[in-house]
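**Q** So the number in my numbering is just where the residue sits in the sequence shown, counting from 1, plus 335.
Source of the hints: derived by calculation from the structure; they are not laboratory data.
Treat each hint with caution, since some may be false.
[As the list claims (entries may be wrong)] Computed cross-link-like contacts, BS3-like style, restricted to lysine-lysine with a CA-CA straight-line distance of at most 27 Å:
| # | residue 1 | residue 2 |
| --- | --- | --- |
| 1 | K365 | K601 |
| 2 | K354 | K365 |
| 3 | K601 | K340 |
| 4 | K489 | K601 |
| 5 | K538 | K601 |
| 6 | K356 | K601 |
| 7 | K538 | K489 |
| 8 | K365 | K456 |
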Amino acid sequence: MRESKTIVTLAVTGSIGDKSKHPDLPVTPKEIAESAVEACTAGASVVHIHVRDPETAAPSMAFELYEETVQRIRGASDMLINLTTGAGARIVPDDAEPISLAPGTMWWGPEKRTEHVVRLKPEICSLDVGSMNFGPRVFANVLPHIEAMAARIKEAGVRPELEVFDMGHIHIARHLIEKGLVNGPPVFQLCLGIQWGMPATSKHMLMMREELPKDAIWGGFGVGPASFPMVAQSALIGGNVRVGFEDNFYLGPGTPAKSNAELVEKAVTILRALGREPASPSEARDMLCLE
């Protein structure tokens with residue numbers, strides 16, 4: 336029964352850290368694809384993808400890296416592909432020159448940030464709908480850029496996953512929906528536990544859920560030690576879940592996960608303890624109104 340199913344998204348590798356943080360962190364397109372397919376077997380039906388420079392592990396926006404990664408996953412599984420559009424929104428100020436930008440800045444316009452989505456047409460792509468302090472930099476998503484990206488994503492026939500890190504971001508997402516830039520039912524991802532964003536607690540997840548449109552399809556996740564508690568919390572109140580090396584490297588205190596698949600396996604164990612089952616890719620497509 337669809338009512339007893341939960342979509343498990345694998346955030347396979349983010350844009351922070353390298354193999355010094357975890358020796359098995361996927362970096363190359365081959366590593367990312369293999370990790371995704373292994374996690375699919377463990378119960379993940381969606382893979383959220385960032386790409387990295389294979390030589391340095393630095394975040395990348397190179398189209399050919401996205402293309403190879405997507406082709407490898409599509410050739411080996413039927414899992415849903417969710418490409419990030421968050422790259423290109425990183426601003427690091429240069430304190431010596433207040434109107435300049437320091438090394439580490441990646442600032443691109445809507446066309447560049449959505450190029451890979453328009454060309455590769457995944458089922459889903461993330462759309463970050465607000466700005467926030469993120470470590471020593473600003474994660475900057477200005478409203479005209481958000482609107483332009485939403486329009487390009489809609490024209491490409493891709494379903495945006497509206498990533499919200501704070502309460503105000505939900506109201507920006509509602510604005511996009513009201514302007515007709517996002518079709519319903521809208522898909523939301525509640526991102527909790529990132530420093531200076533919404534804390535990863537049951538209270539805060541409930542607060543965010545209550546602000547969503549009534550027809551929203553949603554999931555939530557926490558980072559670091561909050562990852563698995565937020566799996567349980569999201570599933571308990573009707574949401575989908577997300578785990579992966581982008582968010583957390585550990586199965587528990589002092590116990591590193593050997594792979595993304597291990598993180599998915601633990602999430603599935605939690606879901607089954609709550610009387611739920613992970614959705615298959617086909618079921619996830621139906622639940623997200625993609626079929």
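**Q** Hints broken by the structure, by number, lowest first?
**A** 4, 7
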